[in-house]
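Between the sequences and the hints, there should be enough to build the whole structure, so can you do that?
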Amino acid sequence: VTLLEQNPRWRLVPRGQAVNLRCILKNSQYPWMSWYQQDLQKQLQWLFTLRSPGDKEVKSLPGADYLATRVTDTELRLQVANMSQGRTLYCTCSADIGRADTGQLYFGEGSKLTVL
Amino acid sequence: GDSVTQKQGQVTLSEDDFLFINCTYSTTTYPTLLWYVQYLGQGPQLLLKVTTANNKGISRGFEATYDKGTTSFHLQKASVQESDSAVYFCALVDITGNTGKLIFGLGTTLQVQP
Chain A
1 VTLLEQNPRW RLVPRGQAVN LRCILKNSQY PWMSWYQQDL QKQLQWLFTL RSPGDKEVKS
61 LPGADYLATR VTDTELRLQV ANMSQGRTLY CTCSADIGRA DTGQLYFGEG SKLTVL
Chain B
1 GDSVTQKQGQ VTLSEDDFLF INCTYSTTTY PTLLWYVQYL GQGPQLLLKV TTANNKGISR
61 GFEATYDKGT TSFHLQKASV QESDSAVYFC ALVDITGNTG KLIFGLGTTL QVQP
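Protein chains in written order, with the working numbering: chain A, 1 to 116; chain B, 1 to 114.
Hints listed in this document are in silico derivations from the structure and should not be mistaken for laboratory results.
There could be a bad hint or two in this list.
[Stated by the list, open to error] Far from chain A, by Cβ distances over 12 Å, these chain B residues were calculated: (1) 14; (2) 19; (3) 20; (4) 45; (5) 78; (6) 95; (7) 108; (8) 112; (9) 113.
[Unchecked claim] Just so you have them, the derived chain B footprint on chain A, three or more residues with Cβ under 8 Å: (10) 14-24; (11) 72-79; (12) 104-116.
Each residue gets a CB set at the ideal place from its N, CA and C atoms; glycine is no exception.
Here is the structure:
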């Protein structure tokens, strides 16, 4: 049984359009949820960690803009916008299943985004 | 800032070979160090972690020693199997206030041939 469910698993994104990703936590006892991005070279980069419903954060990185929202205790969302043409990236959510700051993260299987 | 370096982008071995993946880190503190493994089509999963300098982490035949003298955390396995083929990431816990934030190395792709 997977702890984190991500959808969609794959999306073709028309140039200039934003895409909304969801991450559902199956066990609400793990409050610290995060988003990571991973490029085709497999490099993993932390984006956000959101703890409480209502928390929001934005970030701009080369190649994409991000807006993360903690919707409920069990749902984390990510809006990805302004992706560079021809780019493919993966967005993966995680939950901290250890005590805080132990680094014991459970990752979802990721959402693959490809810009047309 | 803190960083993790993995020099090997790809390692190709045969079954029963010895595995060594290089990892060094740079921080101003003594962080928790970890190895994550990512199999094809899956998210990364924790392989092992060590919180204390000079300690060794062991899991599933893999081991890594936290060497603060050389700031290294190399991953080793005595005898690899084809099922070990995956991408291996060295990481450290960022303690600047963002729970859930890890700093990853670039990853080492291990391919084990039967």
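Cross-check of the supplied hints:
no., hint, verdict
1, 14, "holds, 23 Å"
2, 19, "holds, 18 Å"
3, 20, "holds, 20 Å"
4, 45, "violated, 7 Å"
5, 78, "holds, 25 Å"
6, 95, "violated, 6 Å"
7, 108, "violated, 9 Å"
8, 112, "holds, 17 Å"
9, 113, "holds, 20 Å"
10, 14-24, "violated (count 0)"
11, 72-79, "violated (count 0)"
12, 104-116, "holds (count 7)"
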